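Peer 1: These are the residues of each chain, in order.
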Amino acid sequence: MIRKLVRFLDRRTGTAPLLRKTLRYLFPDHWSFLLGEVALYSFVILVATGIYLTLFYENSTATVVYHGPYVPLQGQEMTQAYRSVLDISTTVKAGLLIRQTHHWAADIFIAAIVLHLIRIFFTGAYRKPRELTYWIGLTILLVSLLEGYLGYSLADDLLSGMGLAIGYGVAVSIPFFGANLAALIWDGPFPGKHDFFSRMYVAHVFLIPALIGALLVLHLALVALRHHTQFRETRRQTERKVVGIPTFPGQTPRSLGLFFAVAGVLFLLGGLVQINPIWLWGPYHTYISTNGAQPDWYLGWLIGALRLVPGFDLTIGHYTLVANPFWGGAALPSLVFIFLYLWPWLERRFGGDSAYHNLLDRPRDAPMRTAIGMTTLTWVFLPFVAGSSDRIYVTFGLPYIPQIWAFRVLAVVAPPLAGLIAFWVCRELQAGERVERRRKRAEEEAELA
Amino acid sequence: MRRLLVTGLLALALPAAAAAAGDQQLGYRLFGQYCVACHGVAGSGIAPARVIGTGPQRVPRQQLGLAPSLQGVGALAADFYLRTGYMPLQHVGLQPRRKPVIFDEPQLEGLIAYVASLGRGPKVPKPHPERGSLSEGMQLFTDHCAGCHQVVGEGGYVTGALPPPLKDATSTQIAEAIRIGPYVMPRFSTKALSPSQVNSIVRYVRYAKSPDDRGGWAIGHVGPIPEGLVAWFLGMTALVACCIAIGRRFRRG
Amino acid sequence: MGRARDALVAGLLLLARKRKRRLWPGQRERIVPPASRNPGSELLATLLLLAAAGCAVAFIVVYVLDRLPAHTQLLGLSLGLACLFVAAALIVTAKRLIVTEELEDDYPAEEHVDEQETVLQLVADSGFSRRRFFKLALGAAGGALALAVLTPIASLGPAIDLARFYATPWRRGRRLVDEHGRPYRASDVEEDTLYTAFAEGSDKEQLGSSLVLVRLPKDRLKLPAGNSGYAADGIVAYSKICTHAGCAISLYRAPLFQPDEPTPALVCPCHYSTFDPASGGRVTFGPAGRKLPMLPLTIAPNGELRAAGNFDSAVGPSWWGVRTKRPTS
Chain V
278 MIRKLVRFLD
288 RRTGTAPLLR
298 KTLRYLFPDH
308 WSFLLGEVAL
318 YSFVILVATG
328 IYLTLFYENS
338 TATVVYHGPY
348 VPLQGQEMTQ
358 AYRSVLDIST
368 TVKAGLLIRQ
378 THHWAADIFI
388 AAIVLHLIRI
398 FFTGAYRKPR
408 ELTYWIGLTI
418 LLVSLLEGYL
428 GYSLADDLLS
438 GMGLAIGYGV
448 AVSIPFFGAN
458 LAALIWDGPF
468 PGKHDFFSRM
478 YVAHVFLIPA
488 LIGALLVLHL
498 ALVALRHHTQ
508 FRETRRQTER
518 KVVGIPTFPG
528 QTPRSLGLFF
538 AVAGVLFLLG
548 GLVQINPIWL
558 WGPYHTYIST
568 NGAQPDWYLG
578 WLIGALRLVP
588 GFDLTIGHYT
598 LVANPFWGGA
608 ALPSLVFIFL
618 YLWPWLERRF
628 GGDSAYHNLL
638 DRPRDAPMRT
648 AIGMTTLTWV
658 FLPFVAGSSD
668 RIYVTFGLPY
678 IPQIWAFRVL
688 AVVAPPLAGL
698 IAFWVCRELQ
708 AGERVERRRK
718 RAEEEAELA
Chain A
710 MRRLLVTGLL
720 ALALPAAAAA
730 AGDQQLGYRL
740 FGQYCVACHG
750 VAGSGIAPAR
760 VIGTGPQRVP
770 RQQLGLAPSL
780 QGVGALAADF
790 YLRTGYMPLQ
800 HVGLQPRRKP
810 VIFDEPQLEG
820 LIAYVASLGR
830 GPKVPKPHPE
840 RGSLSEGMQL
850 FTDHCAGCHQ
860 VVGEGGYVTG
870 ALPPPLKDAT
880 STQIAEAIRI
890 GPYVMPRFST
900 KALSPSQVNS
910 IVRYVRYAKS
920 PDDRGGWAIG
930 HVGPIPEGLV
940 AWFLGMTALV
950 ACCIAIGRRF
960 RRG
Chain B
993 MGRARDALVA
1003 GLLLLARKRK
1013 RRLWPGQRER
1023 IVPPASRNPG
1033 SELLATLLLL
1043 AAAGCAVAFI
1053 VVYVLDRLPA
1063 HTQLLGLSLG
1073 LACLFVAAAL
1083 IVTAKRLIVT
1093 EELEDDYPAE
1103 EHVDEQETVL
1113 QLVADSGFSR
1123 RRFFKLALGA
1133 AGGALALAVL
1143 TPIASLGPAI
1153 DLARFYATPW
1163 RRGRRLVDEH
1173 GRPYRASDVE
1183 EDTLYTAFAE
1193 GSDKEQLGSS
1203 LVLVRLPKDR
1213 LKLPAGNSGY
1223 AADGIVAYSK
1233 ICTHAGCAIS
1243 LYRAPLFQPD
1253 EPTPALVCPC
1263 HYSTFDPASG
1273 GRVTFGPAGR
1283 KLPMLPLTIA
1293 PNGELRAAGN
1303 FDSAVGPSWW
1313 GVRTKRPTS
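Residue numbers (the numbering used here), protein chains in the order written: chain V, 278 to 726; chain A, 710 to 962; chain B, 993 to 1321.
Think of the hints as simulated: they come from the structure by calculation, not from any bench.
Predicted, not measured: the structure shown is a model, and the values here were computed from it.
Some hints could be false.
What the hints assert, rightly or not - In silico DSS-like pairs for lysine-lysine, Cα to Cα no more than 27 Å straight-line:
1) K1127/B with K1196/B
2) K298/V with K1087/B
3) K470/V with K1196/B
4) K900/A with K1210/B
5) K1317/B with K470/V
6) K1196/B with K900/A
To be verified - Label-pair ranges, simulated between beta-carbon atoms:
7) P1100/B with T331/V: 21 to 31 Å
8) R1088/B with K298/V: 39 to 49 Å
9) R1088/B with H344/V: 50 to 60 Å
10) I395/V with L1142/B: 56 to 66 Å
11) P904/A with L675/V: 35 to 45 Å
12) E1034/B with I953/A: 21 to 31 Å
13) I953/A with T1316/B: 58 to 68 Å
For glycine and all other residues, C-beta sits at the position ideal for the given N, C-alpha and C.
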């Protein structure tokens, strides 16, 4: 049977050598090398559940009056878009399971990418010859943030609308041409015309997923072309020799197992933990709002930054050079991503290391990189926590205004401090290892003598 | 446990409160003990002008008891502030918060009757949530209340104050709060929200205490913050554990 | 010590390889070394797979059976567990049943200098690179064509003409109506509470339409010179859209007893920008960089509230030109 299949394939495509090579391609083995796979499998689940949802979603902002089974919303005016998501959550069998799984998968997808990025950064995996892989990965993260935001917005519930309003506020705040850009996207000022929802829809269900898919293929192809990096744990692992488990039989059940684990966790979350209960939020109108509205976690750092920036618009005469939301909503993420894109070059330029690397560093092996990484991470993490400052007040009773001031001070003080501490810890660990090595050598010499 | 007990007591106490046939003498004594320092003799109030007389803005906040007159607030306000534990307040300037009630039922009734006797004022309202409409209630709540109390009544923040969660509020207390506007809450007269509209709001708030959580574990009805915590601390933790089970950790040595 | 052990292991491995060389006639050399038999794990993996099958069937049953309480939860539980059982079976297979080879391979070469040279020579030999004028023309054609193809993007929206950003439905005499279209009378508006109003006959969703309406004691109003006369009998009207990021201002901080409590304020729940309604919408806290636009009011002879003109400044979140023009009707 299998023989027939292989023979058929080879005779038609001539790919038996490629197949043999693929089956014996080596995967260096370490748990942290699997984080990217978690993201990949979440993406597979996202596409599958997303396709199902498009079969029910109605992309229309025409107003309807709700007469469905959910009593508290009966008689309310809402858009068809919101009504269809309400129906998916109430009347479509298994619809809510799929919707919630889709939303959890989005949260996990980006969480896995972020962990993967942290692993790549702190082990120096982005160094020559893998900068392209790294840049493509960063682009996937950037595009995924937008993709998640659009998905959150399409439901057209109260939180969606408030999120879109803030997105619009950030867009128009861009110096010089922000309003022109927003006018292009929304077809005029917020809330825009019907076209705007069509644009979000086609971007969310087709353009961006296709882009992410294409970037993923490139990302994986580049990984395979250059082989995976490895830690130096034994003498066999060198800059020239990769040691790992072959695709078949070793890696196949491992990767498939991980795929099913991801699917299992996502379906369990989707069935058991309620996410974005849009029927409780109600429909959006520009003139209503709710307390405690938040974006999904991966945009939390932006809402935090929006709250931390003191209240001022930068003006020149009558012109508003920089409107306030620009700092937190556009400048901060741009800065962070520009830094991440430039980092391999910065390290080569100022670190003086332009060699080829197939072996990974441990974080302690490169104290400067670890310090800079910790600084950046702290700098992103603080506004992220500040994004929930109001709920921190409600839940733990820490007053809001002192919190905001504390976060403002911390945002300046804590990142360099975190970097210094990381640097010091790395140095100490290195010193500890040197002592250990010396002790071992001395013991060996003593044994010989 | 204590909260449960208090809610239980409140539930028992409600019909009696409506009757408002408390012992005014007892109320008078308790008023002298707990309330007079801020609210003044016979609840006439202590306004800043009377304390210093140089304009309201200059009065140091916690200098002396400063509190509004209670003449004419009626049984409605007394019932609300005493049965929620909002009053007595530890010191002036604090936001009144829900606390265990320090009075027993006869004392409460006495105090309420006494405050009601200080001037002509509204009686304790009797909301009928069963006559209200849930959908009208949700709409009115979204329009008038969600900005502060959050759309599912989970409470929130407004600069300088904490609009409380509404999980512990009884029907009567909801109706009372709408009319009083305690602390910095807006006040809604019968013209702004009719009694039947209040019935609908009360019905929605009661519904929102345990709404339709068809999605599973509700994680607080406040959206993305608890969702993010679950995504990281349940989802990602489980998946990292899977990675560690499948992949290898560092070899020592 | 360690070296001796390595040598011993290597020797044993060599011996083992030698052993394997002795093949039965017709049998081929193994690529993958044989795994040790592990009946316990085999049984475990089989059981896990059966459990997965059971859960998957349960999913179908739950799906078909309607009217189950907690339908979504049972669906998620059965499908999730089915996947997790498969995952567990595969992990047992990977770790216990199949042999885990640790093989070596070469990393690909850093570069292929000869191939690079060949490519460069190809380009050079073709003669394209030497014709400078041709290259310029090629660049011009490419650039112009790219621009031409991108031009239709301008149809997406009024990118140049931003007049609509300043437009509001308000003009002198326009009535203030509530959500159901009923006109507001001045006597309807009470102190210590807030009202949402719209321009009569306008699209309520338009940012320039919605108002927040409050009444303050007349002696508390401290309107700046530019806004004097904007209040009508103590009633003031502001745009309901926050000037920071465009959320609706649905919070009114209305102190019950002024001396002890925070002053009246309009607050946006997104980032807690706080505005003072008594002083023309000045920002008192939060990230907003611009005061709340204020609408002048008058009271018609029949007691209805009407606009006495347009807002004093443009509505919505700030952009480059927000301070350059007054809003238009």
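Peer 1: Taking the earlier hints as the rules, which of them does this structure contradict?
Peer 2: Result: hints 1, 7, 8 and 10 break, sorted rising.
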